[in-house]
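> Read off the chains here:
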Amino acid sequence: MTRALVVDDDDSIRMVAEVALESVGGWEVLSADGGVAALELAATHRLDVILLDVMMPGLDGLETFRRLAADPATADIPVILVTAKVRVGDRVDWDGLGIAGVIPKPFDPMTLARDVSVMLGWPT
Amino acid sequence: MGRPLPASAQHRVFAIAVPAAIVAAGGSAILLDPSFPQGFRETVSGLSLMLVGVLVAVSCTYRARQSSGRRRHAWRLFTAATLVALTANVSATLLQTTSGPVALMVADVGVVLAVLLSIVGLASFPGVKRQGAGQVMALIDGLVAGGGVLVIVTALIHPHLLDPGKLSATTLLGAVVIPVLDVVLVTVAVVLLARASGPDRRSLTLIALGFVIYVMTDLVYAVQLTQGSFAWGSRLDLGWIIGYLVVMLAALTPSMPADRDATRPPSDTRGGVLIFLVLLVAGSIQAASREELTTSVALLWLALVLLAGVRQTILSVVNDSLRHGLERRVDEQTADLQRLAAQNALLLTSVGDGIYGVDPQGLITFVNPSAAAAIGVRTRDLLGRDAHDSLHAGQGGHTAEDCYLLLAARSGEQVSQVDDTYLRVGGQPFPVEVTASPVLAPEGGAPRGAVVVFRDITERRDVERMKSEFLSVVSHELRTPLTSIRGTLGLLAGGAVGELPPRVAAMVTVASDSSERLTRLINDLLDMERIGSGSVEMQLDAFHADGLVNAAVQQMQGAGVERGVTLDIGPCSGCVLGDEDQIMQTLSNLLGNAIKFSEPGGTVVASAQAVAGHVVFRVRDEGRGIPSSKLALIFEPFAQVDSSDAREKGGTGLGLAICRAIVERHGGRIWAESRDGGGTTMLFTIPAAEPAAPLGLRVAG
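So the protein sequences, as listed, match chains S and D.
Here the first sequence is numbered in the working numbering, starting from 204 and rising by one per residue.
Here the second sequence is numbered in the working numbering, starting from 885 and rising by one per residue.
Because the hints were derived from the structure by calculation, they are not lab data.
Remember, it's a predicted structure, so these values are computed and weren't measured experimentally.
For glycine and all other residues, C-beta sits at the position ideal for the given N, C-alpha and C.
Take these hints with a grain of salt, some might be off.
Said to hold, decoys possible - Listed next, with one range per pair, are the computed distances between beta-carbon atoms:
1. D:Ser1398 to S:Asp214: 37 to 45 Å
2. D:Val1388 to S:Thr327: 24 to 32 Å
3. S:Arg249 to D:Val1381: 47 to 55 Å
4. S:Thr327 to D:Pro1365: 48 to 56 Å
5. D:Asp1465 to S:Met204: 31 to 39 Å
6. D:Leu1405 to S:Thr327: 28 to 36 Å
7. S:Trp297 to D:Gly1236: 22 to 30 Å
8. D:Gly1236 to S:Val239: 35 to 43 Å
9. D:Leu1515 to S:Asp214: 22 to 30 Å
10. D:Asp1465 to S:Val239: 31 to 39 Å
11. S:Ser320 to D:Asp1465: 32 to 40 Å
Unchecked claim - Partial list, computed: chain D residues near chain S (C-beta under 8 Å):
12. Arg1363
13. Ser1368
14. Gly1374
15. Gly1378
16. Ala1380
17. Leu1384
18. Pro1385
19. Thr1403
20. Leu1405
Using the sequences plus the hints, can you model the full thing?
What follows is the structure in structure tokens.
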């Protein structure tokens, strides 16, 4: 079963994402309310994908991503940024960082699992 | 009216006539030498007078045909006068063999008539209309000229004229009437000459000269007649011949172009000099005649001196009033100029924009206080300094050679730059908006320099940046709760958390749709701001138009299928230079609208056509169409053809406004063509990519 980690400081968004991925996608979902918690979970669990919010207090999304990428144990986990800073069709200057994709907020909960799968080249 | 000869032809005629007249006069002078027999000389004299008479008549007729109006009338009268004199002379010659005195009488009557016709002819010339003091002066000129000529005549022939024993019925006409009429003739000629307008001056001078010669001859003739010493064939006849020839030359004088002074009153100096000359000649002759002054002549002189004095006084008064008028006007205009200068100075010092002038060498010629304050120096510190070096140095990539300030001052083009950078004292750069306008000389030619207006836009930039940041933050802050709302409602409506009762499901769907619309609205508002303010940079590249159309149609295929509308691709040609994302956004937007406004089963066709430097994109639907009155309005933000559209079609009202912003940013144009009820075609143009564009053509999608 696909296991995803959802990282967002906003409880309700986290809840929506969890339900969307579990109920619609049939995935197993872990969630974290910040960068530090995310790094801990990533270090201790097998993860297929991390959905990472960008604007978070404390350790923000980009810094969290850098640390994930810097740790050989977590470097191979694909990371998708979920952010309200961009909108559909925006060019994102984060090319070269090694992120697997960007999903703009607000996202469609009914297609979220499928969209992530398409981005990562998984069979849907 | 005969067509006037061209000026060159007139000059040729005159150039032939002058030597011909001299030869004729010279020939007559030789043939009238006293060594020839009296009979021969009489014949020569008679024939010469007839010949020159015919020449004058022909010349005057020619001139009359070339002229119009009053001039034409005058020259016709001269023709008539010449013909009368000619007839009289011919008759006299014919009669001479049978009856000498009768012949003389006939000749004199003819001359009297001819002189009368000449006077009327001269008076017919259009003079320049004068008013008030000018009119009085003209009258006095006439009186003084007439009086002067009268003095001359009296001094010359008075003793003989007033000797009744020597006068007879035969000689009365020649000795009294003709001289008197001659006086009038010369007077009219002199006055007219003083008043002649530009185009007539040369002809009138010659006519007056001719008449003076003629009149002098007549006077001598009158004296000889009273003394009984007159005989035809003497050198005296030469006077009449030459007089005639001069009048002929007057008629053949090339007409002068009516110069622009023609309607201005002639100079009073010319009139004054002429009158003075007449009096001078009269006085000289009077002095030389050594005759006692008779009472009448003395009175005449008194009147002349008085009139001359009055003339001079009038002239002084007129000049004084003219001078005062001029002084007053100069004072007024000086005051106006000073007022204007003060106004300009006030404008320059009070405007908030920096203004300075440069000469063609780029040196600063003036600076207003705002400009000096913006740079951080005193006004006089900038004067005479090089504008480019002082304000521009090293900024904006300008070199002294391609600096647009100099371009304006040298080429005469107005140059505007919305994002230039100037340097404050100490080298701190600040953003400015600049317009350099050339100062053009009124008479044309190279510009004298340029006036440069600049505005420090630091604050505006700050405000723009703050606005942009604010919008960015707001949209982020709005999207975060919106993500939860939309997500929750989407999950509920999608049945992800279980089946809902039908009424609840319907209401959740309404809420879910509304949250989606709110999302689009926020996105569109942000787009509108970003494209409108130019904060999104365009990444220009060359694209095949068919690639863009194909990609956009593919992207919207799903929406088409959902509504049961077929999307077709029409013929596509050309390459555009543009931002792929933005052109795609425009095409998708137009396709989305076309799908929304099509009935199920309809077809939407997208195509592209290369046309003279542009590619025209078309999106055509078979929908209900747009009333012509609304065609231009639909590109305004939040404009909908029908107020129910927003609700039913789910649009934000910003789609077409964004399309227009994108297209205009590319340098293109967007518009709609529609027949009410007959479908709509949306068209927009994007500049074509140069065939030699260095950028590789890319296929969108």
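> None of the hints should be skipped; say for each whether it holds.
Do the hints match the structure? See the list:
At roughly 23 Å, the beta carbons of D:Ser1398 and S:Asp214 sit outside the given window of 37 to 45 Å. Checked against the hint of 24 to 32 Å, the pair D:Val1388 and S:Thr327 passes, with Cβ atoms roughly 30 Å apart. For S:Arg249 paired with D:Val1381, a C-beta distance near 27 Å fails the hint of 47 to 55 Å. Range check, S:Thr327 to D:Pro1365: about 30 Å between beta-carbon atoms, so the 48 to 56 Å window is missed.
With their beta carbons about 37 Å apart, D:Asp1465 and S:Met204 fall inside the hinted range of 31 to 39 Å. Between D:Leu1405 and S:Thr327 the C-beta distance comes to about 30 Å, which sits within the given range of 28 to 36 Å. A hinted range of 22 to 30 Å for the beta carbons of S:Trp297 and D:Gly1236 is inconsistent with their spacing of about 43 Å. A hinted range of 35 to 43 Å is violated for the C-beta pair D:Gly1236 and S:Val239, which are about 53 Å apart.
Taken as a hint, the range 22 to 30 Å is violated for the pair D:Leu1515 and S:Asp214, whose Cβ atoms sit roughly 50 Å apart. Checking the proposed 31 to 39 Å range against D:Asp1465 and S:Val239 shows it holds: the Cβ atoms sit about 36 Å from each other. S:Ser320 and D:Asp1465 have their C-beta atoms about 25 Å apart, which leaves the hinted 32 to 40 Å range violated. A hinted interface residue such as D:Arg1363 counts as satisfied when its beta carbon comes closer than 8 Å to some beta carbon of chain S; here the least separation is about 4 Å, so the hint holds.
For D:Ser1368, the shortest C-beta to C-beta distance to chain S is roughly 4 Å, which falls under 8 Å, so the interface hint holds. Annotation: interface hint on D:Gly1374 holds; nearest CB of chain S at approximately 4 Å, less than 8 Å. Given hint, D:Gly1378 at the interface with chain S, holds; its Cβ is 4 Å from that chain's nearest Cβ, closer than 8 Å. Annotation: interface hint on D:Ala1380 holds; nearest CB of chain S at approximately 4 Å, less than 8 Å.
Restraint check, D:Leu1384 versus chain S: the minimum CB separation of about 14 Å is more than 8 Å; hint violated. Hint status for D:Pro1385: violated, given a least beta-carbon distance of 19 Å to chain S, over 8 Å. Given hint, D:Thr1403 at the interface with chain S, holds; its Cβ is 5 Å from that chain's nearest Cβ, closer than 8 Å. Using the Cβ-Cβ criterion of 8 Å, the hint placing D:Leu1405 at the interface with chain S is not satisfied: the shortest such distance is roughly 12 Å.
Violated hints, listed in ascending order, are 1, 3, 4, 7, 8, 9, 11, 17, 18 and 20; each of the other numbered hints is respected by the structure.
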